[in-house]
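Engineer: Model the full structure from these sequences, guided by the hints.
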Amino acid sequence: MDANALIQSIAQSSDRQAFVKLFDHFAPRVKGLLMRQGTPADLAEELAQETLLMVWRKASLFDPARAGASTWIAAIARNLRIDAARREKRSRLPDVFDILQGEEPEQPDQVLDGSERDSRVRAALTSLSPDQLRVVHLAFMEGLSHQDVAKRLSIPLGTVKSRLRLAMARMRGSLEDLR
Amino acid sequence: MSASHRPSQETLAAFAAGRLDEGLALVVAAHVEVNLESRRDLAEIEALSGALLDTIEPEPMAADARTLSVALPHRNIELPPRPVAPPDAAGLHVIAPYTLGRWKSVGRGVALRRVDVPGSDARVFMLRAQPGTRLPAHRHTGAEWTTIVAGAYQHEYGRYAAGDFDEADDRHAHTPMVDPIEGCTCIVALTGNVRFEGIVGRLLQPFVRL
Numbered sequence: 000m001d002a003n004a005l006i007q008s009i010a011q012s013s014d015r016q017a018f019v020k021l022f023d024h025f026a027p028r029v030k031g032l033l034m035r036q037g038t039p040a041d042l043a044e045e046l047a048q049e050t051l052l053m054v055w056r057k058a059s060l061f062d063p064a065r066a067g068a069s070t071w072i073a074a075i076a077r078n079l080r081i082d083a084a085r086r087e088k089r090s091r092l093p094d095v096f097d098i099l100q101g102e103e104p105e106q107p108d109q110v111l112d113g114s115e116r117d118s119r120v121r122a123a124l125t126s127l128s129p130d131q132l133r134v135v136h137l138a139f140m141e142g143l144s145h146q147d148v149a150k151r152l153s154i155p156l157g158t159v160k161s162r163l164r165l166a167m168a169r170m171r172g173s174l175e176d177l178r
Numbered sequence: 000m001s002a003s004h005r006p007s008q009e010t011l012a013a014f015a016a017g018r019l020d021e022g023l024a025l026v027v028a029a030h031v032e033v034n035l036e037s038r039r040d041l042a043e044i045e046a047l048s049g050a051l052l053d054t055i056e057p058e059p060m061a062a063d064a065r066t067l068s069v070a071l072p073h074r075n076i077e078l079p080p081r082p083v084a085p086p087d088a089a090g091l092h093v094i095a096p097y098t099l100g101r102w103k104s105v106g107r108g109v110a111l112r113r114v115d116v117p118g119s120d121a122r123v124f125m126l127r128a129q130p131g132t133r134l135p136a137h138r139h140t141g142a143e144w145t146t147i148v149a150g151a152y153q154h155e156y157g158r159y160a161a162g163d164f165d166e167a168d169d170r171h172a173h174t175p176m177v178d179p180i181e182g183c184t185c186i187v188a189l190t191g192n193v194r195f196e197g198i199v200g201r202l203l204q205p206f207v208r209l
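The listed protein sequences derive, respectively, from chains A and B. Going by numbering that gives the first Met the number 0, the residue at position 93 of the first sequence is 92; the numbering climbs one at a time, nothing skipped. Going by numbering that gives the first Met the number 0, the residue at position 84 of the second sequence is 83; the numbering climbs one at a time, nothing skipped.
In short, the hints are calculated from the structure, not lab data. Nothing here was measured: the structure is a model prediction, and the numbers come from that model. All residues carry an ideal CB built from backbone N, CA and C; glycine is no exception. One thing to keep in mind: the hints can contain errors.
Claimed, not checked - Cβ pair distances, simulated, as ranges: (1) A:R35 / B:Q129: 48 to 54 Å; (2) A:D41 / B:E56: 17 to 23 Å; (3) A:P155 / B:R74: 37 to 43 Å; (4) A:S13 / B:E56: 28 to 34 Å.
Structural biologist: As structure tokens, then:
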């Protein structure tokens, strides 16, 4: 499945088949992600649907040179989660993330292709050990502090830090020529 | 404290996941807006989140994509205009979604303006200091996160210039000295209590207690 192409197809021709394919792949994963982050199943279902509807509506804003499909969709899901957690006093953080996203880089020649970065990062992930991967999940997917990762896995803080260091070095290494 | 005057990887990860207090997050965002290296780190963390999304165990959806696809709305949507930064925010864009108070002079060349961040446990404000001002010595019980928006200051832990991020916590007491030529404008988020010492400090106290 070429998710980038599917989103572009929605942007160009409101392609409903493309929507169905994207939904079938991403909605269950967004739901799984949100539940892992502590969102109740009902709300996770609702937010996963909303995330894919947002993909439909905002497809023409998708720019694979900035970020690949998964990264773009993960950011949409994050913004909806922040929104949902703060219905009473509306959070402005999703606006802040949009502004950061929209800011033109100061040195365009240093910008690397977002989709290329995504596939390198994905490849680097597959080279991690299960132990490293678990720590990366908790620290980056769930945004836990290193202390909380250590507590969750009942391992020493130093072990968390060294596993993350190795994992990040692996990822950085795979991006070296692009940086 | 990081010698590079940037947020730690851990802080950036919490920011990217939307897990930071919004006031602290705004100060990080002000830094990321101008710092190319942190912007790249953030892009990498977001790419990592995207790659991890693909590895998540899928959770079956109750909704059916084919049924939903029939009722999809028309795609020609009007996007709301992006909020515009106020002209006197020293070019800072990320502050645009927030309501700013008026600049209030607190004497001795220092002025403050409140940044209203609903739902935040931190007190957030912009601070503007005249060239050569010595900011009052103070200690923290919580965090004091600062991004320099323009100008510079220097304290026991180094010199901080435009775009730099300064993360102080309860281990530090410091006496920032504002650049003698450029002055300094920064955005600050405070959690917990700050105890100021000296006369300007007593003037500042009511403001940061807001």
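Engineer: I want to verify a distance hint. Is the separation of the beta carbons of A:P155 and B:R74 within 37 to 43 Å?
Structural biologist: For A:P155 and B:R74 the Cβ distance comes to about 51 Å; the hint is violated.
Engineer: Between the beta carbons of A:D41 and B:E56, is the distance compatible with 17 to 23 Å?
Structural biologist: holds, 18 Å
Engineer: Falls inside 48 to 54 Å, the C-beta gap from A:R35 to B:Q129?
Structural biologist: holds, 50 Å
Engineer: Hint says 28 to 34 Å; check whether the CB-CB distance for A:S13 and B:E56 agrees.
Structural biologist: With Cβ atoms ~31 Å apart, the hint holds.
Consistency with the previously given hints fails for number 3 only.
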